[in-house]
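Hints given; two lone chains; assemble the complex.
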Amino acid sequence: MQANIKWLDDPETFRVNQLPAHSDHPFYRNYREWQEQRSSFKQSLNGTWQFKFSPNPQSRPKDFYQKDFDASSFGTIAVPSEIELSDFAQNQYINILAPWEGKIFRRPAYALNQNDKEEGSFSEGKDNTVGSYIKHFDVEPGLQQQHVHIVFEGVERAMFVWLNGHFVGYAEDSFTPSEFDLTPYLQEKDNVLAVEVFKQGTSSWLEDQDMFRFSGIFRSVELVGIPANHLTDMDLKPTVKDNYRDGVFNAKLHFTDQAAGSLHLVVKDETGQTLLEKREPLQKTVAITDQEFPDVHLWSNHDPYLYQLLIEIYDEQDNLVELVPYQFGFRRIEINKDKVVLLNGKRLIINGVNRHEWDAKRGRSVTIADMTSDIHTFKENNINAVRTCHYPNQIPWYYLCDQNGIYVMAENNLESHATWQKMGAIEPSYNVPGSVPQWKEVVVDRARSNYETFKNHTSILFWSLGNESYAGDNIIAMNKFYKSHDDSRLTHYEGVVHTPELKDKISDVESCMYLPPKQVEEYLQNNPAKPFMECEYMHDMGNSDGGMGSYIKLLDQYPQYFGGFIWDFIDQALLVHDPISGQDVLRYGGDFDDRHSDYEFSGDGLMFADRTPKPAMQEVRYYYGLHK
Amino acid sequence: MDYTNKQLQIIYGDATLGIDGEDFHYIFSYEKNGLESMKIKGKEWLYRVPMPTFWRATTDNDRGSGFNLKAVQWLGADMFNKCIDKHLKVDDHDFDQLPIAPINNKFSNHEYAKQVEITFTYETLTIPATKVKVIYNIDSTGQIKVTMHYYGKKGLPAIPVIGMRFIMPTAATSFDYTGLSGETYPDRMAGAEKGSFHVDGLPVTRYLVPQENGMHMQTEELTINRNTTPNNADHDQSEFSLNVKQADKPFNFSCLPYTAEELENATHIEELPLKRRTVLVIAGAVRGVGGIDSWGSDVEPAYHIDPEKDHEFSFILNQF
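Sequence order for the protein chains is Y and B. Its first residue numbered 1, the first sequence is counted upward by one per residue in UniProt numbering. Its first residue numbered 1, the second sequence is counted upward by one per residue in UniProt numbering.
The shape of chain B in the complex, shown without the other chains (with noise of 0.2 Å):
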């Protein structure tokens, strides 16, 4: 068996799903909760598991309009994560426990298959609680389409952000995504121009008082470009890029040196850490920015992000 059939060598291990292919190599962890390593052409995209994302960096409209004080618990559930239940499906074979040991005992290092459908569930630390799942599926090809889906509950406040936030484990040199210009928001986006766009470093927008920035919204394509990895034995000074290709929809997306977190916690831009990694966020719905005051007025309904709503994204990583 070779790779000449598109067949993907699975690595059934004892904490973590291995998958192998021509070009890449995907760990999966049962015990970080998801994906752990995805390595492209040798190079490592990965730092920490990627996790749902609900919290934006609280801009001063939301600020004014106490929108930070009423979403406040998905702030916790932003920065901590609980998973309850890890799903494994390869090809037609749907596990109904993950193949550690001793299930595992009966694979060899001569597993093959088409495909991998591997899900996350985890249970947002709110109150009340709603469930989350991250699917992964894994084509023969290697392309790793990612869905997510929120269940809605009623009793949840407004959320700021759904998506998935991916940490990489140096900062990237620029980006090139096909999409919106400039910075863009639900409220704020008819004034882009459509079209293709490079973006040198990763810009932190200058607002005063750093706060959410960046957003990229109706997203067909992003290549992330990289130079650099933390690998001692990697010598390799040139650029390596991955490509997240939109799925059924455009996605949008932000792409920065720094967490939510970290841009929350900074009264000043040049408090912010020094730029060492890559924050993608891939977002499914985004709130908009609102601007009709500073002091009170809420972002237009039609921009908020229904808490009680199912709301499912998709997109694809590695698609070549």
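Just chain Y, with the same shape it has in the complex (with noise of 0.2 Å):
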């Protein structure tokens, strides 16, 4: 097969030769490796890549992936990074249009007419810059003598792949990871990896979050070594039983094809006295039935308890060749009789941040560092849940989240503002995903990625739909794709406010936008048809959080109130230097002659691009501390 660029123009292709999502979890050739934390199944390809930059498709150079092209003319450009922040690209921030707005006028494919393929809109768009990236590499001997796929965990927007002058695929959806087989074209020595970046397509529509736009290979890209016996996927499914003290503990263990041998599987306790033990021969897949687990530990933000499961392959030798480390908390969460949402049988209280992923030097390319940071803020000040507004983030802070007992609501990636929403009014003629058959996929499969991805951590409560989307039946297929899948999470999505017809097929939350606390009391008193929330609330721009005790009031008074995520967690602001002042300072969105732009808008957040805290973080602090 061909890379063919009219992809970019068409919603119905957005995975080509793309291995299906699966899940996260980590593997280890033996305890040592767990130890040092370093996998000799994986190879980073992080660092220096070749790159050349194209302001639009006419002029990139196009037979750039051929294993004979000559590259001098390539300069270089870190990975993972944003283009645009490697000076190659303008800077833009713009909150609900589309980046394009005043420039160039679109419609979304099929959208108006379903005879309109709106061919070319993107595939010429002039706007459409495009990174050209190499990267010569060799297989490390651990990767060696097997499968090789490669992972990349985010890239803006769309992406083909080739290696050694062969095509290998094409992703869209930015930010859950592209996995491709590059096994059949890949060599030990001298291999010639090369992918092409569009920063717009389809998925310019469903990508339309309030944000800097960037683009580029802008988080890492790992080789993975697939050895024969391997754990493709599993679904781990701890559950507390009615009495909230016993846990049962279910597991669907996936395998490759091949696999051969046995496997051994364990549960201990955090003082490493074993709770299960299983022996169990390799099959492609091996079900775990209903073990029990008395006086279980449950998980909850104050005692993020965590079960370490290892399973432990062995082959037909008796040698072990994997091993996967993973740790699950037993926690319940459910909707009572009154509406209420309970959380191991007690009330849930949400003192939530919504958070970007935000450096001020990297972009949305953040580092372990921010994450940790974040975090270690986060127990500062009693905020206890994340909204990951709005895309799936990178996989470590799920973790992190599992450990410190943060509750998430795991967002996909989906915000298609501009083709509902124009200068406040509400107008979706052109809406899409809405109920454009076309579109129903592409999203499905976007709800598709992010359970399979993350479906065994504990921290995630919510399944978010998307973020300000409108409403439609392709919203619903996704509601209806977590539904059917996962039975021991909620569903949530704000959109649906402005097609209430749609309520009892989406979402098992009343959820709103920046409601103000009156009416807010108002659903509340009169009998809601569900629990009630805030996905926004407190827009902390500029100097702002005041008045918060009216909200947090209403916790005491209500019980099918349970909190809201602050918008948001961190001002999206880009550090550069100044010539005039000769200091450092902190850029917003027109800053960079772009145009049209939202301007100081992305500066939101309960703490300042740099990281450091405002001042209404004592507020929020006190507030969040009552209810904790």
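Take these hints with a grain of salt, some might be off.
Covered by chain Y, per the in silico footprint, the following chain B stretches (three or more residues, Cβ under 8 Å) [as the list claims (entries may be wrong)]: (1) 57-69; (2) 200-209; (3) 258-270.
What the hints contain is simulated information worked out from the structure, not anything from laboratory work. Using N, Cα and C, we set each Cβ at its ideal position, and we do this for glycine too.
What follows is the structure, encoded as structure tokens:
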């Protein structure tokens, strides 16, 4: 198969040769590797790559993926990084409107007319910048003699991949891992990997998030060796019985087709005591069913107790060939008959924040240090929950939330705000995904990727279907996906407030944004059909966060109110050198000549962009401490 | 007569009223309509005459809710002042006219009193106009009690702040206060801790777009520390301080290097002028900052400043 740039225009082509999403479990060759947190099955490709920037598809080096391509005109770029922050392309911040507002007239394919494919909309888009990346690599010994996959953890926004001149695959969905099989074209030495990254495609309509608009390979890239006996996916289902005291453990383990040998599974508590031990022959699927855990230690924000699962995989000669360690907790979330959300049988209160991934120098290419610093800030200020607005985050974030007892609303990578709201008015004439059939699979795929990747994380209590995308059949389909795959969590979607007739099909909870306290109270006083929350409230732009007490007070009066997520955690602003003052200063939308822009509207955090807290933080610490 | 009896020496000038004491010297200017000089232990504390202040640099929430558009008259009233009356009382003697020449010809260089009250009445440059009275009561120890009275008037827009603005000749090195931790507003002070706090420099909260910042609610005492003066003959670099204490009730203040107008005009923090002076605002009434959203929701009504009601507050300068 050959790559086709027209896929950029086609909402029905969003993954080509991409491997199915699977659980994010780590795997090692042995215990020593686990101890050292370094898997010899993995080879990082992060570092300096060859790079060519092109302002539009027409001017891109079309044959750069060929093995004999002369790349002497290429410069370099760091991987991972944002292309814009390496100064190849202009920084732009825009909120609701599409980034091409005032420059290019576009409509989503099929949205106004079932026959209108909008061909060329992106493949010929003069605003569609292109990054052409080349990386030469040798395969490290630990990955040789087995299948080798490549995993891109995040690439904005549409990506074609070639290896040694052969087309490997195509991916969209900027914020979930894209994995391809390199095996057919891989050689031990001097492989040439070519990646072509387009800033715009049909997915631009689905990724119209309120943020700086970047592009590029902004998260890690790694090669993954797949041993013959490999756990490809696991689905852990630790549940809590009706007595809220005893647990039941179920797991479905999926192995590579050719797997043969045995597995040894143990579950230990924090003291190292083994509570469950199983030996099973390897098969394509191994199920561990209804294992009783009496008097289980429940997981919660205050006591994020995790059990250690270890899966040892042995070959037919009984050699340990793979070790999968994973930590999970027992916890139960549900809605009771009084429409109160319960966690482990007790009322759940969300003292939450919305968190964009942000680093003032690196944009959304955040580091582990950024993440651990944010967790520390959460703990210091009684923040117990996070909404991953408005896309899945880097994988380590979910592990940190498991370990620190942070309740996660895991949001899909979806926001189509420009397609239904203009100048404050609701105008969904060309809304996607809406009920446009050609836009259904792409959004269900986003739900699937989010679910499959993160399904084992204890911290995730809610699946959020997306942000500000209006509602129609396709959002219903996403809700259905979660409901048919996961009965252990709740679904959330705020956008259904605009289409109340769909409320029984979308979202387990009633969610609003920025609803003033009085109106929240009105909802709660009128026999609410669902528990209520604010997925965004207390807009912390500039000097703000006044009047928070009016919301917190409602928690005492109405058990159906289960709190909310402050908008938002950290200002999005960029640290740049100002030649006039000689200082490094924080800049916002419009400061880069970027127009149309929403200027300082990205500065809504409880933290300044340099990760120092705003004065309002002490207020948050106080109010969030009242219902810890 | 000497200072041991705690008497003030009064200098009945032709354009000013001088008040001298052991460690202080004050000059009220009839021309500049206020306290022109507040010299304490040889150090001048005033750059310009303190004036009523009504504007705060627009916050993002103010902009979003259009509060700046509604309140804009108060910006003019903050920048420009119209004094319509000055009144002097020395001990029990109420002057029906200011004692300038020839009235003051009867005085000498040896005039003493136990207390002075001088009142400036301003008319706000708003439509409709209202009045603001600022009363300075100086007792024999040299402490100045400042009382500001705002007269409510029907038809005026809600007010961003009601306070007195003192501009000091050089930037403070630090300030100390007893009150609430951090930056607080009437609708954002539940999380603050009570205590005594030391603040180095004159920090401006680094909001992306400079705006109202640095308010400290419910303050009992404030000390502003400086170590430089523009006085060419002053070679002393040691720190010196001004003390502000609550009168009957705690006061609110911000201590910044900029006026509301300077903050208002900058789109980024680095565009603000060099830190050159100290701008102390002692506020009686402070408007909340709000937070429901930044595109329309107003600050909750309980935290508005009602323009139609009277507001009065007082505080004490230079109390020992």
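Annotated coverage of the region 200-209 of chain B by chain Y, confirmed only when three residues or more have a Cβ within 8 Å: With 5 residues in contact (Cβ-Cβ under 8 Å with chain Y), the coverage given for the region 200-209 of chain B holds.
Please count how many residues of the region 258-270 of chain B have a CB within 8 Å of a CB from chain Y and say whether that reaches 3. holds (count 3)
Coverage criterion applied to the region 57-69 of chain B (partner chain Y; beta-carbon cut 8 Å; 3 residues): holds (count 4)
Hint violations for this structure: none, all hints satisfied.
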